[in-house]
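> Residue numbers (my numbering), protein chains in the order written: chain X, 11 to 214; chain Y, 63 to 447.
Possibly wrong hints are sitting among the right ones.
Stated by the list, open to error - Simulated restraints on C-beta separations:
no.	chain 1	residue 1	chain 2	residue 2	range
1	X	E108	Y	Q78	27 to 33 Å
2	X	G190	Y	S374	27 to 33 Å
3	Y	K160	X	E52	48 to 54 Å
4	X	Q131	Y	L164	39 to 45 Å
5	X	L141	Y	G372	51 to 57 Å
6	Y	K160	X	E108	50 to 56 Å
7	X	L30	Y	K230	24 to 30 Å
8	X	R182	Y	R292	36 to 42 Å
9	Y	R292	X	G177	54 to 60 Å
Calculated directly from the structure, the hints in this document are not laboratory data.
Ideal placement from N, C-alpha and C gives every residue a C-beta, glycine not left out.
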Amino acid sequence: MTGLFHAPVMQNLMEQFGKLPGVGPKTAQRLAFFVLSLPKEEVAAFAEALVQAKETMTFCPVCFSLTDQTPCYVCRDVTRDRRTICVVEETTDVFSIERTRDYRGLYHVLQGSISPMDGRQPEDLRIRELLQRLESGEVEEIILATNPDVEGETTALYLARLLKPFGLRITRIAHGIPVGSNLEHADAATLSQALEGRREIGKA
Amino acid sequence: MLITSLALQNYRNYQQERCDFCPGINLFLGDNAQGKTNLIEAIYYLSIGKAYRPVKDDQLIYWGRNQFTIRGTLENRQGAAKVEIQYQTDEKKSKTIKLGGLILKKNEDLSGCLTSVLFSPENMSIIKGSPQERRHFLDYDISQISRGYAKNLAVYQRLLFQRNNLLKRLREKKISHPDKNSELELWDSQLVEVGGKIIEKRLQTLGKLNPLTRLMQRKLTLGQENIEIRYLFNRKKEIYHSMNLTELLLEARQEALEEDLRYGTTQWGPHRDDLLITLNGILLKQFGSQGQQRTTVLALKLAELEFFRGESGEYPILLLDDVMSELDENRRQQLLELIQEKSIQCFITATDKSGLEKMEKRQMKFFEVRQGKIISREIQGEVKE
Numbered sequence: 011m012t013g014l015f016h017a018p019v020m021q022n023l024m025e026q027f028g029k030l031p032g033v034g035p036k037t038a039q040r041l042a043f044f045v046l047s048l049p050k051e052e053v054a055a056f057a058e059a060l061v062q063a064k065e066t067m068t069f070c071p072v073c074f075s076l077t078d079q080t081p082c083y084v085c086r087d088v089t090r091d092r093r094t095i096c097v098v099e100e101t102t103d104v105f106s107i108e109r110t111r112d113y114r115g116l117y118h119v120l121q122g123s124i125s126p127m128d129g130r131q132p133e134d135l136r137i138r139e140l141l142q143r144l145e146s147g148e149v150e151e152i153i154l155a156t157n158p159d160v161e162g163e164t165t166a167l168y169l170a171r172l173l174k175p176f177g178l179r180i181t182r183i184a185h186g187i188p189v190g191s192n193l194e195h196a197d198a199a200t201l202s203q204a205l206e207g208r209r210e211i212g213k214a
Numbered sequence: 063m064l065i066t067s068l069a070l071q072n073y074r075n076y077q078q079e080r081c082d083f084c085p086g087i088n089l090f091l092g093d094n095a096q097g098k099t100n101l102i103e104a105i106y107y108l109s110i111g112k113a114y115r116p117v118k119d120d121q122l123i124y125w126g127r128n129q130f131t132i133r134g135t136l137e138n139r140q141g142a143a144k145v146e147i148q149y150q151t152d153e154k155k156s157k158t159i160k161l162g163g164l165i166l167k168k169n170e171d172l173s174g175c176l177t178s179v180l181f182s183p184e185n186m187s188i189i190k191g192s193p194q195e196r197r198h199f200l201d202y203d204i205s206q207i208s209r210g211y212a213k214n215l216a217v218y219q220r221l222l223f224q225r226n227n228l229l230k231r232l233r234e235k236k237i238s239h240p241d242k243n244s245e246l247e248l249w250d251s252q253l254v255e256v257g258g259k260i261i262e263k264r265l266q267t268l269g270k271l272n273p274l275t276r277l278m279q280r281k282l283t284l285g286q287e288n289i290e291i292r293y294l295f296n297r298k299k300e301i302y303h304s305m306n307l308t309e310l311l312l313e314a315r316q317e318a319l320e321e322d323l324r325y326g327t328t329q330w331g332p333h334r335d336d337l338l339i340t341l342n343g344i345l346l347k348q349f350g351s352q353g354q355q356r357t358t359v360l361a362l363k364l365a366e367l368e369f370f371r372g373e374s375g376e377y378p379i380l381l382l383d384d385v386m387s388e389l390d391e392n393r394r395q396q397l398l399e400l401i402q403e404k405s406i407q408c409f410i411t412a413t414d415k416s417g418l419e420k421m422e423k424r425q426m427k428f429f430e431v432r433q434g435k436i437i438s439r440e441i442q443g444e445v446k447e
């Protein structure tokens, strides 16, 4: 840890905090000592919340998003359009798209993207399960909504190739300038990409 | 383009210093190790938002302090803007770049505001150094004029990194013949696509840079020498703009596949290419004299000036660090002539004025630099620029 000796219990606590993403040794130490400053009930509630969340939340057996019901609230909603599946990397992406209230189809959460540096191969993603969902013949369109980074693009490319024989409509979300913002606030790389992906307008 | 003022705080050996530049020629005079180059370096920093390789930001901080600030006023044909770059090492190291008072989201967004061409003795590595140095030279030029290119380079690096990771894993599993539909092919198709775009842009740029360099070289050597830059694909095959790059890359991939799997690295692509610089048909790196190599680098740098002007409609600023003493009388005269002909803002470091005071065609400003202080400023010539 930060070059200091600590009581074994504190050492352990810091190591636990250090497992969290974005938390380095210094922050881990600060968090550990902060926990000690809390009243005992709050610490118990904190620990309880961790365990409870872990015990309650499971993966939806249909779309593999994290949920407290089986299947998840989207998959069990009969008003959703079952002909469209939007493929995303993480459950948090589902929430983002749900916020739009415009999308009424279903989801499929891959639980990651193809990334050799993290040892994630296509087999490690929920791709087999996606193919199984297509067997019913109900699905007509797959929207590939993986992140627009190198790994996300690669995953989209992989899926596009894999799904081609199914004869579905396969689409990729567009990327470019955020809606409602000004061009002046967009960074040059995004703008340059938006220019590349420009479309014709005003055609009958 | 112009930089009209520069203010430094805790930067290198400057605690607090400020100077106003003239739009003509600015001369930094002083003995060795007084801080002349540091001024050039600070101006360069303002133009690209980072230190001249391979210097680290931490090394730029005045000894014992925990932050440095570089401020400057830039002028281009769109108008003027203040730039401020601050780097600090408290708690978490961070760099903030402000342009016109607004914090830039990406530091790279500064590029293009003030384009600069730097010529220092280290530039000899363009000729003598590794292929990487020559690629960097070309990539810098293109990145300055195209953000799309800079983005492609970054994407390519990432793809390459991921592919190499995959290669190493395949090697561990002893899969020597991955079939066509494998994961490897997935990365390769993208590497070929992005790599092709990169090479295409490089060839295109070289097509513009080549005649400009030849012209400059002839001017510098009074028409005696003929220079040529050619693009070497995979360090062995000369290629031209008209060639089918996708085909070339796919071929190279096929050829290197076995080796790639054995070494766990990618042996083909724009990161393996080189530039071949010849003088009167002779390979300069191996057979050129020191003087020929130096003149060639100067010609390349002067060609860069014209290239940037062709692309952006404005001359970049020219930074000449410690080069006057390295050129013979004839070439020095040619260089000074060239500088005087064009309305380029110049920054020159030298140990004394000798040979430089004769440039009456342009306005000049002399700065005497001593131990991290600019102790005198003196203007010569009319303020007509």
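> Now tell me, hint by hint, if it's right for this structure.
Each hint tested on the structure:
Look at E108/X against Q78/Y: about 54 Å separates their beta carbons, and that is not inside 27 to 33 Å. Remark: the range hint 27 to 33 Å for G190/X to S374/Y is upheld by a beta-carbon distance near 31 Å. A hinted range of 48 to 54 Å is violated for the C-beta pair K160/Y and E52/X, which are about 41 Å apart. A beta carbon spacing of about 43 Å between Q131/X and L164/Y agrees with the range 39 to 45 Å that was offered as a hint.
Taking the beta carbon of each, L141/X and G372/Y are about 53 Å apart, inside 51 to 57 Å as hinted. At about 37 Å, the beta-carbon gap between K160/Y and E108/X misses the expected band of 50 to 56 Å. With their beta carbons about 28 Å apart, L30/X and K230/Y fall inside the hinted range of 24 to 30 Å. Range check, R182/X to R292/Y: about 39 Å between beta-carbon atoms, so the 36 to 42 Å window is met.
A beta carbon spacing of about 48 Å between R292/Y and G177/X contradicts the range 54 to 60 Å that was offered as a hint.
Of the numbered hints stated above, those contradicted by the structure are hints 1, 3, 6 and 9, listed in ascending order.
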